[in-house]
Structures are given as C-alpha cells and as structure tokens.
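J.: Sequence:
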Amino acid sequence: MQATGDDIGQLCLEFPDVPDVDHAVLLAKGDNASCYLAEKSGLVLRVPKADEIKARTRAELVLLQFLGTALGGIDAPLVPDIRHRSQHSMAHAYPYIPGTVLTRGWFQETTFPQQVQLAHSLAAFLSRLHAVELPCDVASVLPQYDSFDGTNVMVDLVAGSHLSHLLDDVRSAVAVCSWFDRHDDRVLLHNDFTHGNLILEKKESLTGRRYALAGVIDWTNAYVGPAYRELRQLALVAPHFVRMIVHPKRVPGVAAAAFLRGVRLALCEPGSVRHSDEMYRALREHRVFNRYTIHLDEASDALAQYAGAGGPTEDLALASAFDRASQAEKAIVDMTTGGRGRPGATPRVGAPLVPYDELPTAWRAQYPAMEGDLRC
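Residue numbers (the UniProt record's numbering): 1 to 376.
Just so you know, the hints here were simulated from the structure itself, not pulled from any lab data. A portion of the hints provided could be inaccurate.
Claimed, not checked - Calculated cross-link-like contacts (lysine-lysine; reagent style DSSO-like; alpha-carbon spacing at most 30 Å):
{"hint": "1", "residue 1": "Lys40", "residue 2": "Lys54"}
{"hint": "2", "residue 1": "Lys29", "residue 2": "Lys49"}
{"hint": "3", "residue 1": "Lys29", "residue 2": "Lys203"}
{"hint": "4", "residue 1": "Lys29", "residue 2": "Lys40"}
{"hint": "5", "residue 1": "Lys40", "residue 2": "Lys202"}
{"hint": "6", "residue 1": "Lys29", "residue 2": "Lys202"}
Work the whole structure out from these sequences, hints included.
T.: Shown next, in the form of structure tokens:
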C-alpha cells in the first residue's frame, strides 16, 4: 500500500539519508509504530507513535545494538540491524528480513510435522535468548518484571491455564519439577513473542515444505523477567503449538514454571480435585507450592475438600504451606479483583469451597474452564 503524502513528508524528515524514501510503501500500522518499506534500499522504516513508545524505543535500540552481536551466527534468526536512527523521534531503519510473517491462520494451514519443525526452531532461539548475559549498560535501560502488578498477575493466570496442557502424566511432571530450582532466574524476554513479530523462512524439498524461524522483530516490549512469561501471548493463540515448544529438554525454564502454574490453577478449579490423588503425592514430595504462589486461597480450599473426602491428611506441612502462601498473597488477590478479594473470610485450610459460578464476575472471566486439561 502506498504511503500517504503526510506519511512521506514525515519520512523524508526522519530519513534524509535514504535515497528512495519518497517512494516508500506502507507495511503495517500497529499500536506502537508504523512501518514502511523503501524497496530499492531494502530498508524497513519504523516510526514510533506516542511519547511513551518513543521512550521504550530508545531502550529497544540499545538492546538491538547489543543483540546483533550476542545472537549472531551462521543460520541464526535475525534481529533488526539498525542502520539509521533519529535521536529526537526514535524513528529508525533496518534491512528488510525476507520471509513470511507468522499469522493466526498459519496454524490451520500447516501440517503437524511442519508445526513441530517450527516449534523446534523457536525453542532453539528462546534457549539462546534466555541464556544471554546482559551487560549493565543494557540491563539498566530495560524494565524489570513486577510480580505485584495486577495486569501481570491476571495475564499469568490465563496463560498458565493454557500451558497446563504441558502435563502428559504425573511422572513427566515430576521430572519437570527437578528443573525448576535451576531455571528460575530473571532472563531477557522479547515479551511479545507471537504472531505478527515472528518472520518465517519457507523451504521446499523433496519431502515437502518446511518452516524455520528467520527473524524476530518489534522488541519495544522487551524486559527482564521470569522465563515462563515469554510464551503467554502465543499460548492464547495456539496452546497446542506452545506445548511443542515448552519441552523441558528444549526450554527448561519456561517448561518448569509453566507446569507449576498450570497445576496450581488446576487444583484451584472446583471439579478437578478428583484428579488429585497421584498429583498430591507428587506435590508432597517436591513441595513446589512454596514458590510462585498466586491465588493459593483457592488451592487451599481445594486441598481441604480433598482431605475431607478421605485424602492423606497427615501431611500437615503441605497444608500449612498452602495456608501461609494464601495469606501472603492476599494483597495480590485484592489488587486483581478491585479490592473485593474472594468471598468469605481469610483463607484457611478447612474453609468451605466457594462454587466457581459464585466468584466475582471480573475474576471468573479470567479463569478458562480447566475440565480435562490435566490427564493424571
């Protein structure tokens, strides 16, 4: 699509060194920026919109300059290589990355083997990205994850329920647990690792068409945080595909934390307690609920119902851990439900289980149905 006259005028001011800027075509207009293509020069011209985006783009450009070296290598997926930049508006240009942009429709148009191949490619990239050690001058300009941010908490809950599909059986879940303590560090996250920002390379061969990751664009939202958050947007689009990526041998940090959050959410959901017999023994052995404990008041009541139905009540240490975590997280519950919290008194083991449909509407909307998600 041809850029408008006003767009061309702005581009000429921002990119006077690009010879064919006055013939640029519009690639995309998003919430953060507008992107144009100067075809003869082979450059993407990216112009941030709001002042807030410009401030985040300043940090993005510092990061991209570092990543060009840190992630470089033969056949490595590309990140934007900044060639021109405006100090005032943060508009910048980088070479066009050839390939096709991942879309929602790709998952319906491709075969299972093709999706597995791409999942392996994405997992390899994430493993390299999360292993990057940021120098102080880069880390200091990036946002840090705030687990007490209400938006973060609710997005985590939704993504966690989708990622619970990771669990094939309790034995594999226990194996994933062993990775957890070693892969709980804060890492560099792209933080919008989903359709629209992933460029795919398409290869034809005698065995058919194959896909691999060719490039990753739009690093405006990059920050330092826990690895499990990297795939939450993609999980909302294609949870079955994310399950191919988060194998513990490929991206252990994501896999372990995703499992923990998914299992916790499953225990929170009324009706899932009947799955708990073998799961309870696994949790009792590994004590995984001592960390990443958000909204454990629901899990506490689920445990109480399970114990009341004849479960192993002798393990008071686990019950006590649920109770302590529930009270410690009460502030987060209040934040994410507008101060209302969950119905009833301070959560404690032995409190009655509140039916799912009696939870506050705003909260209930954030819990996808968990029925059948865990196959224990």
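J.: State for each hint whether it applies.
T.: Here is what the structure says about each hint:
no., hint, verdict
1, Lys40 - Lys54, "holds, 27 Å"
2, Lys29 - Lys49, "holds, 10 Å"
3, Lys29 - Lys203, "holds, 28 Å"
4, Lys29 - Lys40, "holds, 21 Å"
5, Lys40 - Lys202, "holds, 23 Å"
6, Lys29 - Lys202, "holds, 25 Å"
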